[in-house]
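Chemist: Sequence:
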Amino acid sequence: LRNIARCYPPRRPTLAELLEPVVEAKYILTPVLWKYLYRYAKKHQARGNGFGYGMVYPDNPESVARTLSARYYKDGAEILIDRGWDMAKGEVNFDDAGNQQHRPRRLTPRECARLMGFEAPQTYQFRIPVSDTQAYRQFGNSVVVPVFAAVAKLLEPKIHQAVTLRQRETVDGGRSR
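Residue numbers (our numbering): 1141 to 1317.
Note that these hints are calculated values from the structure, not bench results.
Heads up, some of the hints might be wrong.
Each computed DSS-like pair below joins lysine-lysine, with the alpha-carbon atoms no more than 30 angstroms apart [claimed, not checked]: (1) 1166 - 1229; (2) 1214 - 1183; (3) 1229 - 1183; (4) 1214 - 1166; (5) 1214 - 1229; (6) 1175 - 1214; (7) 1166 - 1182; (8) 1229 - 1175; (9) 1182 - 1229; (10) 1183 - 1166; (11) 1214 - 1182.
Please read all numbers here as calculations on a predicted model, not as lab measurements.
The task is simple: from the sequences and hints, build the whole structure.
Modeler: Structure representation (structure tokens):
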């Protein structure tokens, strides 16, 4: 596995490249859910715990998403997409109407497919025939496609060696050398 890095794509897409330019309102957190997640994170932060939401910033090319899990359909808290929420303003007046227009959103199933490597950024070749809930569960339970491909690439020569050895043993009548 020391050589696995050579099997990865030469460049990983940025989070911004994986995102749709416009999403339906259903993917934007409701004011009630956002307030709950925000307060929950603050409460645990004060206690020194790491519980809370994971905000990613599409404008930052170094931004990295947390792990997508099968529970993502519940509230999307692991990977929230920043839409310009002003944290300082939220501390003063969480319910500020202007700031509420910038509540974070969750990933769409299509964006989850891209994050997990099922399709390239801004393409639509991967068909998602299930509900959003089922898609979130399936993508959250999946292995990241480029990782699987890299491991397969590393195993390929070993598999060929094993097949060749097995064929030789068959030709030699099962005798080992």
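Chemist: Determine for every hint whether it applies to the structure shown.
Modeler: Comparing the hints with the structure gives:
1. The suggested pairing of residue 1166 with residue 1229 holds, with an alpha-carbon distance near 24 angstroms, which does not exceed 30 angstroms.
2. With a C-alpha separation of about 20 angstroms, the suggested pairing of residue 1214 with residue 1183 holds against the 30 angstroms cut-off.
3. Distance hint between residue 1229 and residue 1183 is fulfilled; the C-alpha atoms sit about 18 angstroms from each other, no more than 30 angstroms.
4. At most 30 angstroms may separate the alpha-carbon atoms for a hinted pair to count; residue 1214 and residue 1166 meet this at roughly 13 angstroms.
5. A C-alpha spacing of about 27 angstroms is found between residue 1214 and residue 1229, which places the hinted pair at or below 30 angstroms, so the restraint holds.
6. In summary, the hint linking residue 1175 to residue 1214 is supported, as the alpha carbons are separated by about 15 angstroms, within the 30 angstroms threshold.
7. A hinted pair counts as satisfied when its Cα atoms are at most 30 angstroms apart, and residue 1166 with residue 1182 qualifies at roughly 25 angstroms.
8. For the suggested pair residue 1229 and residue 1175, the alpha carbons sit about 14 angstroms apart, so the restraint of at most 30 angstroms is met.
9. Simply put, residue 1182 and residue 1229 have alpha-carbon atoms about 15 angstroms apart, close enough for the 30 angstroms limit, and the pair holds.
10. Between residue 1183 and residue 1166 the CA atoms are separated by roughly 27 angstroms; this keeps the pair inside 30 angstroms, and the hint holds.
11. In summary, the hint linking residue 1214 to residue 1182 is supported, as the alpha carbons are separated by about 20 angstroms, within the 30 angstroms threshold.
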